[in-house]
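Chemist: Required output: the full structure, derived from the provided sequences and hints.
For reference, the chains in residue letters:
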Amino acid sequence: MKTPFFALLIVFLSVPVARGATSPISEETGACLKCHRSTDPGIVADWERSRMARVTPRVARSMIVQKRRVSFEQVPQKLARVGVGCAECHTLNPEKHQDTFEHNGFQIHVVVTPEDCATCHPVEVGQYGKNLMSHAYGNLKNNSVYHGLVNTVTGIQSFEDTKMILGDPDEETLADSCFYCHGTVVEVKGMETRETTKGKMSFPVLSGWPNQGVGRINPDGSKGSCAACHTRHQFSIEMARKPSTCSECHKGPDVPAYNVYKVSKHGNIYSAMGKSKTWNFKAVPWTVGKDFAAPTCATCHVSLVVSEKRQVIAERTHQMNDRISWRILGLIYAHAHPKSPDTTIIRNKAGLPLPTELTGEPVAKYLIDAKEQEKRRKAMNRVCLSCHSRGWVDGQFARFENTIKTTNEMTLTATNILLSAWEKGAARGLAQKDSIFNEAIEKKWVEQWLFYANSTRYASAMIGADYGAFANGRWYMSKNIQEMMDWLGFKLKEMR
Amino acid sequence: MKTPFFALLIVFLSVPVARGATSPISEETGACLKCHRSTDPGIVADWERSRMARVTPRVARSMIVQKRRVSFEQVPQKLARVGVGCAECHTLNPEKHQDTFEHNGFQIHVVVTPEDCATCHPVEVGQYGKNLMSHAYGNLKNNSVYHGLVNTVTGIQSFEDTKMILGDPDEETLADSCFYCHGTVVEVKGMETRETTKGKMSFPVLSGWPNQGVGRINPDGSKGSCAACHTRHQFSIEMARKPSTCSECHKGPDVPAYNVYKVSKHGNIYSAMGKSKTWNFKAVPWTVGKDFAAPTCATCHVSLVVSEKRQVIAERTHQMNDRISWRILGLIYAHAHPKSPDTTIIRNKAGLPLPTELTGEPVAKYLIDAKEQEKRRKAMNRVCLSCHSRGWVDGQFARFENTIKTTNEMTLTATNILLSAWEKGAARGLAQKDSIFNEAIEKKWVEQWLFYANSTRYASAMIGADYGAFANGRWYMSKNIQEMMDWLGFKLKEMR
Amino acid sequence: MKTPFFALLIVFLSVPVARGATSPISEETGACLKCHRSTDPGIVADWERSRMARVTPRVARSMIVQKRRVSFEQVPQKLARVGVGCAECHTLNPEKHQDTFEHNGFQIHVVVTPEDCATCHPVEVGQYGKNLMSHAYGNLKNNSVYHGLVNTVTGIQSFEDTKMILGDPDEETLADSCFYCHGTVVEVKGMETRETTKGKMSFPVLSGWPNQGVGRINPDGSKGSCAACHTRHQFSIEMARKPSTCSECHKGPDVPAYNVYKVSKHGNIYSAMGKSKTWNFKAVPWTVGKDFAAPTCATCHVSLVVSEKRQVIAERTHQMNDRISWRILGLIYAHAHPKSPDTTIIRNKAGLPLPTELTGEPVAKYLIDAKEQEKRRKAMNRVCLSCHSRGWVDGQFARFENTIKTTNEMTLTATNILLSAWEKGAARGLAQKDSIFNEAIEKKWVEQWLFYANSTRYASAMIGADYGAFANGRWYMSKNIQEMMDWLGFKLKEMR
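Chains as they are written, first to last, in my numbering: chain A, 2 to 497; chain B, 2 to 497; chain C, 2 to 497.
Incorrect hints may have been included.
Copies of one chain are not kept apart here, so a pair can be met inside one copy or by any two copies together.
Derived lysine-lysine pairs resembling DSS-like cross-links, with alpha carbons at most 27 Å apart [unchecked claim]: (1) Lys68 with Lys379; (2) Lys266 with Lys131; (3) Lys445 with Lys350; (4) Lys379 with Lys131; (5) Lys199 with Lys376; (6) Lys291 with Lys199; (7) Lys142 with Lys97; (8) Lys142 with Lys406; (9) Lys278 with Lys266; (10) Lys494 with Lys480; (11) Lys291 with Lys379; (12) Lys445 with Lys494; (13) Lys201 with Lys376; (14) Lys310 with Lys35; (15) Lys266 with Lys276; (16) Lys340 with Lys372; (17) Lys283 with Lys310; (18) Lys142 with Lys480; (19) Lys425 with Lys494.
Think of the hints as simulated: they come from the structure by calculation, not from any bench.
Modeler: Written as structure tokens, this is what we have:
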């Protein structure tokens, strides 16, 4: 079954498959479609456009390795020769799924999880488990410091007798804000009966639903949602490779990756030229120069990238951090990337679950060392070097690492003002066992690192200059420090 | 004239009509084009690409109902069999148009109005009259509270003897800011003679011109401008259906609908996949799954949406609010949608033209009741249910309505601080008959609801999470309250 | 060599040239490609898509004038008949290039400069020398006032003994922020030996590298980088004409041109319709109505625009300011455009290098006069008049000039508060020979003009209404003044 068969296959698969020209579908999926084609026309039409609907696992597996989009060694016999349809995913692993219920004679579940997807994509799901994102729920919820940040942001404040009272946030609010991206806990709260076009039927009622957060805790105990990036029900590699996908969670002032990308030279090339026919967002592997003329987020962080001679420039990874030396967002100081994706295990000298001390020293034990950083930087640099000379790349990275250093220094300055405020009693902090996020000066301090230092570092990493200058960058770091100083002066005066 | 004729028609109309292959144009339009093709090449070329130029009203009317883009029963005989060109619109209803003037033997007017468009599109114009947008001018200008907001924002402030003096805004400034979107009053101020390529000619001089605001007061007394969304001179349904059209007025911090859409899953699908050939923004009716894989603004709020089986999922509406239960923007508290598009008639207990009391209680008499809200929610839900299960949709709406409640609570807290400031004399408010928008703490209070509560609600409605968290969302609601508290403390100290 | 030859040529050139069907390349470029095709696959693939690779200078020159993209009278014989490849640019003018080095038998340089590009495009490079942008480095670095702004924004602040100490910024930080857009000084700092796939080789080490800023100081002494807009290595006119190119430097709060454009009617038409096949971003000349239905940045400011009858509507210009009457950004007050692109020569009455006094009066000697302003406005108006009537255009410009006046007034008010703060000792200013940018109230003053007045003017110029209202517009001008007043009150109280 070697070359001639492959040659044919390649010809067959490189022809765009017309809509409708699908693989055989299973009897079970046929049964689903009988009703759902009319009750959920949008879902079915979307799935019909998907590659899943048209290519059986067996055919997908038969491609040469560089072209494969599946990573299983074996799939159950009954899945191998049919297109991947409703039943194939929504009935997998029924015994593990707390949300399995009887539906017209089938044991189905609503929430398809990474563990379900691992049937055909085990390597990707395995890598994703090492990605910080898969732990995004616990890393926020079970970190006592961050839990406090969540509460002060989302709790309802009320003004009583000239005092402010902070209540605990409700579950809906949490699901609507932080945990939309970080992921909710999806559990079965009970069953409910609904009137449908086919009469009364029972369905599970789920907590934290809907949600497609990257760290979602699923009813089968697994973590994450592949649909966060591979949007249902096309699950398209094209969409996952486009930067708008990442913008869903990476566009706010706390994580302005997309904003910076858009004004970078790379983002400009993508915006101006990326719709041209010469760009191909579906090709596997993804060939630099031929398929694209500038990187998107996926190029540098995820995709299998090769040269026209099929030399591998970057391996596909859903771990993502294996080309990332530094963690530049979300924490008080930028620091070497944590070793474990579960960051709740970290403790600094003060006993806080933070990767640095409050004054910036890294907690080395939990972070990758300089050698590992160098290895990751080299892996990233290979991507850069496809289009840039060594001198260019070295200059860029020297500048970026300098920016990590200087933004940390500017954060330390803000921290020192805050420490002074705490010491002088102008605000209540750790020593008073008060929240470190609830007072005005504390909120200014948070903005120093969560918004401004962060934006400046992103701007440096991807070269989107104004995000390091006037667009939430150095201008604001510098102004914020002055305002913290003035606040402290006014407050001390008020206290006198 | 039944099936065979239609079959031909459909074939004819589904073939993209080549540029130039237009309907017969009227003699009058021919006369216009003789000069204007060379004096206004951009306008003429744009119009030539329009469907108006190529399809006569008679042919447009002959389509089956679901495919029709016109809603007249009859048009004047002379309009029926020619393409809709310059003369057809710019000479309509001359007696009603204060801006009619003699131009080379024709009685023409510059400003084409909804009443003119109603010749062929009476249903749409009728619906639009029930849309808040058609009253956008008066609802801002003739509401004493909002008029005050406009003045403090647009009036020139000067600093004299350590005091601030606020002047009234000039007309050009108003037209350049608030009334660009809300609409200006376009009136004839006189005539002026201009040198043209054809010698001296007279033209009317218009106040408030140019303007295409949604609530423009026209020289024929009608309200609005169809060109706000159906941009001249292609008047394209495609453009009106794309979200960038809405972004012209719905992108600022006061109404971040477009910003939220862009980072939502829907917006991402549109950005990543919407340029693909499988998407069709011109089809009437608009078929879910076939013509598009994710909604734009128009899908949920305006368009005639059907399933592949031609079942109507949503009727076309230019009223727009018939699927909207809540009004989430622009007012101090979110509240049930007002009954009348003219909101200047509303009076709360305090006698102010506001749909709630200052402390949030709705003024029920002027607002739709729970039953009407439920009806509208159901109409909207039908659109959602094309692609989402009932459990998903119910979860989403429960979350959204919880967010309406909590954002109102956070606004009440800010209001209570403001009331305290007024009471203690730290600021001058209603009791002192002073503007409630001119002092620093009042401006902070405005931002609490006009920016932050608002953004949080949009983020919840369309799921653009960070706009409910750090991007003008809950972070800012919470921080703003602390800053209002501190301001009050500092001010009271200063007064002592 | 007249008509028949041209007819053939036009046919030939209007057919999209397939990838690979290149002009003959020189032996030297062939030698480059031998290695670099595999070491830099992205660069080579990008260049292969460029017009430069496919059209020889001789053929480019042979087009009729309106279609020409080159402006030389003669090029060296050896360049005329080969495609413009690696060697053609990277070995030009070796004696002028401080960065020339020996590389496999060739004298090459890394940094291709406007002076190199002038070999084929002398007119454009000449015009660009009169553009403020070409002086962007010196205008920032060598202006004592602006130099101070840079230092307070980019210097590291530290908090010691309740005092703030400001250090000087380092070179990497400057290159990472302000000078990314303004341009760095690229000089050879020495040579370094690197291990390559071909063994050890020597390369120059450059300061300020990488950089593509518009005012870059090059190793051959020339100013600017054509690649800022004509991105390497396609150098595409299509990319330069698309607004995302300008967004790289014109999107922050200090210069929100792109943001405003995006929400303008023009920007909406571009976003919604600009990907349609009827738009042509490559055509030279660029025909209004036929090639595009709404202007991009380039249409109004740079490109050769004609009507379908080949009448010239706007001449191509890389000077850009020849259609700009006012300078609306970056300075304390909007003012008539400066005469010289080198603004360091300007001195106001107070001896400061500013085009106005601190209270707004223009320093007329260095600025264009009313007659020149009128001439430039007329040149710009010709573009507007392709699609708008005279009444529309006059109304628009009257509004814009009114906005220049009112925003200047609001800046004067902020300045008067600042002067009062200086006078009362609440802040230290010019009289105390202190920086005018380092204290909180000074930073608020900067935001009044650099962000808010600026945004309001852009919104007026391009009609992106909310940027003149709530999105960094009049709302913030008005609020900022109140906050400056309150700050002054609190500070004076603190001092007592």
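Chemist: Next step is simple, just say for each hint if it's right about the structure.
Modeler: Hints and how they fare:
With identical chains, the CA atoms of Lys68 and Lys379 are at most 27 Å apart within one copy only, with a shortest distance of 25 Å there and 46 Å across copies. When the C-alpha separation of Lys266 and Lys131 is checked against a cutoff of 27 Å, the pair qualifies only between copies, where the shortest distance is 25 Å, while the shortest distance within a copy is 31 Å. Proximity of Lys445 to Lys350 under the C-alpha cut-off of 27 Å is restricted to the intra-copy arrangement: shortest distance 25 Å within a copy versus 39 Å between copies. Proximity of Lys379 to Lys131 under the C-alpha cut-off of 27 Å is restricted to the intra-copy arrangement: shortest distance 20 Å within a copy versus 43 Å between copies.
For the homomeric pair Lys199 and Lys376, the shortest alpha-carbon distance between copies (23 Å) is at most 27 Å, but the shortest distance inside one copy (59 Å) is not. Taking the shortest alpha-carbon separations for Lys291 and Lys199, only the inter-copy value of 25 Å comes in at or below 27 Å, while the best intra-copy value is 51 Å. Taking the closest pair of Cα atoms, Lys142 and Lys97 come within 27 Å of each other only inside a single copy of the chain (24 Å); across copies the shortest separation is 62 Å, beyond that limit. Proximity of Lys142 and Lys406 under a CA criterion of 27 Å is satisfied inter-copy only: 24 Å between copies versus 29 Å inside one chain copy.
Taking identical chains as interchangeable, the C-alpha atoms of Lys278 and Lys266 lie at most 27 Å apart whether they share a chain (20 Å) or sit on different chains (25 Å). When the C-alpha separation of Lys494 and Lys480 is checked against a cutoff of 27 Å, the pair qualifies both within a copy, at 21 Å, and between copies, at 22 Å. In the homo-oligomer, the alpha carbons of Lys291 and Lys379 lie at most 27 Å apart inside one protomer (23 Å), although the nearest pairing across protomers, at 45 Å, exceeds that limit. Taking the shortest Cα distances, Lys445 and Lys494 sit within 27 Å of each other both inside one copy (19 Å) and across copies (22 Å).
Taking the shortest alpha-carbon separations for Lys201 and Lys376, only the inter-copy value of 22 Å comes in at or below 27 Å, while the best intra-copy value is 59 Å. In this assembly of identical chains, the alpha carbons of Lys310 and Lys35 lie at most 27 Å apart only when taken from different copies (14 Å versus 47 Å within one copy). In this assembly of identical chains, Lys266 and Lys276 lie within 27 Å of each other by CA distance both inside one copy and across copies; the values are 16 Å within and 20 Å between. Taking the shortest alpha-carbon separations for Lys340 and Lys372, only the intra-copy value of 13 Å comes in at or below 27 Å, while the best inter-copy value is 56 Å.
Taking identical chains as interchangeable, the C-alpha atoms of Lys283 and Lys310 lie at most 27 Å apart only when both belong to the same chain, with a minimum of 18 Å there against 31 Å between chains. Taking CA atoms no more than 27 Å apart as the test, Lys142 paired with Lys480 passes between copies only; the shortest distance there is 21 Å, against 32 Å inside one copy. For a Cα distance limit of 27 Å, the shortest separation of Lys425 from Lys494 qualifies both inside one copy, at 12 Å, and across copies, at 19 Å.
When held up to the earlier numbered hints, the structure conflicts with none and fits them all.
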